[in-house]
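Chains as they are written, first to last, in the working numbering: chain A, 14 to 125; chain B, 61 to 436.
No lab work stands behind these hints, which were simulated from the structure alone. Being a predicted model, the structure only gives us computed values, none of them experimental. Note that beta-carbon positions come from the ideal geometry of N, C-alpha and C, so glycine has one too. Errors might be hidden in some of the hints.
[Said to hold, decoys possible] Quick list of in silico lysine-lysine cross-link-like pairs, DSSO-like style, CA-CA up to 27 Å:
{"hint": "1", "chain 1": "A", "residue 1": "K24", "chain 2": "B", "residue 2": "K184"}
{"hint": "2", "chain 1": "B", "residue 1": "K255", "chain 2": "B", "residue 2": "K277"}
{"hint": "3", "chain 1": "B", "residue 1": "K407", "chain 2": "B", "residue 2": "K255"}
{"hint": "4", "chain 1": "B", "residue 1": "K114", "chain 2": "B", "residue 2": "K101"}
{"hint": "5", "chain 1": "B", "residue 1": "K106", "chain 2": "A", "residue 2": "K24"}
{"hint": "6", "chain 1": "B", "residue 1": "K255", "chain 2": "B", "residue 2": "K127"}
[As the list claims (entries may be wrong)] A few chain A residues that face chain B, going by a derived Cβ cut-off under 10 Å, partial list only:
{"hint": "7", "residue": "M17"}
{"hint": "8", "residue": "R18"}
{"hint": "9", "residue": "P19"}
{"hint": "10", "residue": "F22"}
{"hint": "11", "residue": "P28"}
{"hint": "12", "residue": "I36"}
{"hint": "13", "residue": "A47"}
{"hint": "14", "residue": "A53"}
{"hint": "15", "residue": "R104"}
{"hint": "16", "residue": "E105"}
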Amino acid sequence: MSEMRPPEFPKGHRPQVFDDPAIDQLHDAWLALATELAVAFERIDTLERLLETKLGVAREEIATYVAPAAVAAERAQRRADLAQRLLRPFREFRAAAIARGKHAEAPPDPET
Amino acid sequence: MNGFNHHAMLPDPTHDEQSRQDFVGALRGHLSSRLMPGAYKVYASKVEPAFKAKHGRAPADQEEVRKVMTQDPFYQFWSAMQRRSQEMLWESVIDPTERQLPDLIGKARKIGRKARGKLRLDPKLEIPRYHRAADIHLQPGGYHTDFTADDIAAGAVYDKGINLYMGGGLGPENDLTGNTLLAYVREKHPGFEPKRILDIGCAIGNSTLVWARAFPKAEVHGIDVGAPVLRYAHARAETLGVKVDFSQQNAEHTDFADGSFDLVLSHITLHETSRSALPRILGECRRLLRKGGMTLHLEIPRGRTAMEKFMHNWEAYNNNETFSRFMTDIDLIAEAVRGGFAKSEVKTADFVPQLDVAQMNYTEYFAWKILEGVRR
């Protein structure tokens, strides 16, 4: 028998719950995101516990950690980059709307 | 996790795979215990009063409830998440299964060489349409498809998947349905000692093993149309130290001799078949019974009110339980009579198990339906 693997999606009718299928897709995406967040939390928890038992880094030390100025600056940049990436679709929609003149009263977007 | 017996035929999840499974289990528990009851509240406080104001009466049946409830934002929110959680449940189990599949198949082959129970597959068996048309419960590929030689993946995925489905409520070896029917037999028919037992639509044999353990002297058979679930069932039973003979057969027409069983069972199987198959299956059960032999079928609850029926049928519309909605108001006794039973030979009973609301999915009231037939 040739090596095949099961399909990614189950065979059969997929119900649409909301009037706009995009909302169904958004629900599916945020639940997947929530799952991966739970996975990441548990991995961090595992790391913290191993650090404590194997290397003596107390969990309390992590909880009370204050970032030095250089680290804080690095983190601020990373947050800004993340916001930039996350909000890209919204900036694109807005730019397109402004180009069509639908939101002529809106102030010009400094990022576009 | 959740008291589940992690036996040797189950794949071992990695740290992250385990976290995914635990999360989907927690999510489903939350949906059942925190959000699902809200749908009943929304119906009682908002949807039903609005319907009454418009029509001067309450919704007459589940179809009228469906029309209005599926437009309600709270129901839509719960329904979208319930559907996605079902898909995520399978995905969380498929990853570790696929990763370890060659090892698991190797294990099953090795177990098969020293097995006490028999495994008989029929590659020519025609898979009934009710299995082919849609993947039941959304398990990708269904329960009958081989994707590689000696495939057992569908069985391994099903075993852990149904554990997550009811938040561990199906018991440490997914044995709740078997134990429920066994409790019924012990209560209603004390002293009944079947010598030959058949479990139809047995899948991975999770219920079958209950009967083999309860009646250790009996010869126990399990049949299903799916080859990968049967290979897994066989390896699983041997791993758990239980002897069962599994064969790939359609319960509408088996190759067992007339009157060759004392007890013929099914556990939440009938609602996965079809209107034409159902009476044929019940007729076949009667053919297989010796005089005085008994057939028992455990079915899922269908609800009492129009709203409960609508909620139970969420699975019919959203979880590929396509025949399920026809089972809502079906007369199982009439179906058994259509199959060849005399009316005096059959009866039904309700059985209320001890379950937590976090394990129930669609209702706060839960009663199994049991069909009992005795060949006179």
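Among all the numbered hints in the text so far, which are the ones the structure does not match?
-> 5, 6, 15 and 16
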